[in-house]
Structures are given as C-alpha cells and as structure tokens.
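With the hints as constraints, model all of the structure from the sequences given.
First residue of the sequence shown? That's 1 in full-length UniProt numbering, and the numbers climb one at a time after it.
Hints are all accurate, no fakes.
With beta-carbon atoms standing in for the labels, derived distance ranges:
1) 25 x 4: 27 to 33 Å
2) 5 x 38: 48 to 54 Å
3) 6 x 37: 42 to 48 Å
To be clear, the hints were calculated from the coordinates, so they are not data collected in a lab. Nothing here was measured: the structure is a model prediction, and the numbers come from that model. For each residue, glycine too, the CB sits at the ideal point set by N, CA and C.
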Amino acid sequence: MNTLSIEAILLIAGLFYAGIFTFLGLKLRLYLKRSAKLSPKF
1 MNTLSIEAIL
11 LIAGLFYAGI
21 FTFLGLKLRL
31 YLKRSAKLSP
41 KF
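Written out as structure tokens, the structure is:
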C-alpha cells in the first residue's frame with residue numbers, strides 16, 4: 001500500500017463526513033427554527 005493512496009482515502013473520507021455533518025447541522029438548524037416559530041417559548 002502506498003502512503004499516497006492512504007492519504008487520498010483519508011482525505012475523501014474526511015470530506016465525505018464533513019459534508020454529512022454540515023448537512024445534518026443545516027437540517028437541525030432549520031428544524032429548530034421551525035419549532036421556534038411554532039412555539040414561542042424559545
């Protein structure tokens with residue numbers, strides 16, 4: 001195994017997970033905004 005291929009795999013996996021977490025973060029933010037609009041307790 002080349003170290004270059006391992007680094008490339010790690011880089012791709014890191015970008016993949018970063019994309020997933022940013023997507024989930026945006027979904028959670030939208031959900032919190034909607035729930036805040038529905039109930040003015042927040």
